[in-house]
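Chain by chain, the residues:
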Amino acid sequence: MNKIVLVIKREFLTRVRKPSFWILTIIVPILLAALYAIPIYLALKPAEKSVVMVVDESGLFGGLDREDTLRSDSRFVSTDNVAYRYAATFDYARRAMDSEDDADAILYIRRRATDAIPTDACLYYKSDLPTQQVRFDVDRQLQSILRNRLLQAHGISDDEYALISNTKINLRTEDMETGMEAFIEVKSGLGLILSMLIYVVIFMFGAQVMRGVVEEKSSRIVEVIICSVKPFQLMMGKVIGIAMVGITQFLLWIALTGIALVGIQASNSDLFRMATEKHEIAELATKGSEATAQMQQAGQLGEIPQLVEGIASIDFKVIVPLFLFYFLFGYLLYATLFAAAGAMSDNDTDTQLFSLPLTIPLLITLLLMPTMMNAPSGVLSQVLSYIPFTSPVAMMLRVPFGVPTGQVVTSMVLLLVSIPLCTWIAAKIYRTTILRYNLLAQWRKKK
Amino acid sequence: MFLEALHIEKNYGSFRALDDVSLGVEEGTVFGLLGPNGAGKTTLIRLINRISLPDRGELLINGQPMSDADVREIGYLPEERGLYRKMKVGEQAVYLAQLKGLAKRDAEKRLMQWFEKFDIADWWNRPVEQLSKGMQQKVQFIVTVLHEPRLLIFDEPFSGFDPVNATMLKEEILNLRKRGATVILSTHNMSSVEELCDDIALINKSHVVLSGNVEKIRRSYSAGTYRVELDRRPDNLQMPEWCVDCTVEEGNALRVTLGSDRSANDLLAVLLPQVRIVSFRELLPSMNDIFIATVKKGGDRE
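Residue numbers (our numbering), protein chains in the order written: chain A, 1 to 447; chain B, 1 to 302.
Hints are computed from structural coordinates only; laboratory data are not their basis.
Please note that the accuracy of each hint is not assured.
[To be verified] Among chain B residues calculated to face chain A with C-beta under 8 Å, some are:
# : residue
1 : Ser67
2 : Tyr76
3 : Arg85
4 : Lys100
5 : Leu102
6 : Met135
7 : Gln136
The C-beta atom is built at its ideal place from N, Cα and C for all residues, glycine as well.
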């Protein structure tokens with residue numbers, strides 16, 4: 001028993017000491033933190049103020065009036081990021097852009113004799129494409145001014161308009177018992193991410209087991225070791241050692257990502273307060289209050305609260321332990337078989353052939369994902385979440401939607417029961433093939 | 001008898017690797033396990049190491065059936081041997097010693113002694129892949145003998161060694177025997193068999209075809225050939241017709257092969273009246289000749 005501990009220790013330490021382990025350990029949290037921070041930075045960081053020259057030939061957008069005579073909802077208003085300046089003619093604006101270099105773009109609203117209302121405007125730029133923020137703001141103000149003009153022309157008050165535009169029927173999909181909304185898109189997305197992730201990690205660490213076995217076999221070190229350690233001990237030592245590497249890596253990822261996120265928030269506290277405020281405003285807006293102005297301000301953030309609410313409706317306390325369970329035991333199921341595939345191979349080329357049967361069940365599950373997504377509790381989904389070889393991926397797809405406890409327990413028990421069986425078969429293959437070479441050539445000759 | 005194999009049979013599928021193999025190894029001797037490639041030597045060695053188990057027959061140590069516990073008393077240097085390439089030499093040697101049951105500190109102490117003896121102490125912290133093949137062989141040899149096993153099994157130990165290191169290895173093997181260890185040596189190097197081995201067993205096509213004491217075997221294969229050195233050129237000698245073959249060699253010597261019913265005394269009786277004899281020696285066949293003759297005979301039989 002002591003020997004298997006020695007093997008585990010070696011497998012663990014040699015891998016953890018590799019630079020590649022630490023590179024991966026550090027890169028993943030950085031990527032995750034970046035994924036979290038960059039959109040916020042981009043959305044909130046006051047970029048250099050862009051200057052847009054407005055050339056309004058139609059007169060509908062305040063181009064022909066003196067600025068101080070106009071209502072603020074009938075002309076372009078400078079914001080934090082975009083300064084608007086009116087120019088009388090396109091040529092004048094163009095000269096301004098060429099000479100002073102302080103204008104970034106020209107918004108040209110052309111007057112057409114045939115149309116009372118212009119249907120076409122163009123944002124001209126030179127060399128530097130205007131940022132999405134600028135384009136967004138220009139578009140928003142264009143639509144808003146046009147709408148206000150029309151409302152005035154038709155004698156509709158702002159309140160009447162707000163009533164009309166905010167009144168809509170909201171279609172939800174709800175669980176009859178819990179009364180919780182389904183948030184299907186959010187859950188599908190999460191299910192997809194989780195099942196892809198579990199597929200990748202099972203394969204990544206399974207392949208490590210296989211490569212380790214082939215390394216021992218092709219270097220013939222196994223000939224030396226096998227007389228002091230039972231083949232089963234050597235195999236299980238490797239499988240367990242690599243499992244511990246995986247768990248260590250996961251824990252480090254979680255810890256480092258946590259530290260990184262806290263760090264980002266602390267070093268940019270203002271930014272994050274702003275973000276929170278924006279979320280709050282946006283939330284108010286979607287709740288259908290009459291805060292039209294606020295809603296306009298929230299504008300693009302309208303989607304976020306639903307995402308937040310959807311994520312909030314997901315029970316992470318269930319998902320995280322389930323993910324760890326299916327990762328660990330899914331890995332254990334496959335790892336021993338990967339070890340057997342490695343034992344049969346003489347080199348890396350052989351492993352591709354021998355590990356092919358192992359990839360098939362996981363690949364099938366991946367291919368059937370769209371079908372399962374359509375009916376997360378359908379027959380196909382249920383069957384695949386019972387078969388131990390497909391259950392880790394299938395279950396991760398279903399888990400965000402909630403799976404009946406009975407089904408989860410059945411699936412877990414089936415997985416747990418099949419592990420010793422697989423290990424037994426794999427150990428037998430491993431024992432009989434680890435000291436035999438050219439198996440592939442021998443089998444070909446027999447045929 | 002220290003190690004005994006009784007009527008061992010081992011099959012791989014339909015192929016019978018060992019068939020009714022029996023042999024005995026005396027304690028404190030060097031035992032040569034000979035045979036052409038594919039004869040079944042490695043299979044037998046793996047059975048002794050309990051890497052696999054025989055289909056029929058028994059292996060005894062000191063008269064008792066072998067158990068897993070006995071494996072701890074074995075040091076095995078396999079023919080196909082390797083090391084983890086990326087691991088450091090010292091760390092790896094300690095790991096392999098620990099697998100053999102040595103405590104870490106004990107292993108380190110013994111290893112340092114051996115490393116210094118073999119002049120590779122400077123390599124302790126280098127990765128194995130930087131070592132030459134000969135140095136790797138030294139490390140493997142050290143790891144094999146480190147836990148001071150009572151039975152040592154060397155499978156082709158000399159491959160990869162230059163003559164200097166091969167001689168050193170031979171000396172070490174004899175040293176181990178002197179200290180009471182029993183050695184099984186599997187090799188194709190027949191001159192080293194003559195130098196080192198007390199007894200041998202020759203396996204061919206899954207069967208033991210020849211076994212016993214090296215001297216006795218050579219004697220039994222003796223064709224009655226003698227080398228006689230004289231004080232002058234052996235001209236005009238009268239030789240009887242029962243001298244089947246008589247040739248003159250360099251250095252005033254005669255090489256005489258006698259008929260099967262004659263002895264050295266008869267030859268001397270003929271020669272003494274005619275010449276002065278400086279030396280008289282029986283020429284025994286080399287193990288190489290015996291090996292080839294025996295294996296060829298086996299080949300003809302099939």
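Verification of the supplied hints:
| no. | hint | in the structure |
| --- | --- | --- |
| 1 | Ser67 | 14 Å, violated |
| 2 | Tyr76 | 5 Å, holds |
| 3 | Arg85 | 6 Å, holds |
| 4 | Lys100 | 5 Å, holds |
| 5 | Leu102 | 10 Å, violated |
| 6 | Met135 | 16 Å, violated |
| 7 | Gln136 | 10 Å, violated |
The earlier numbered hints that this structure contradicts are 1, 5, 6, 7.
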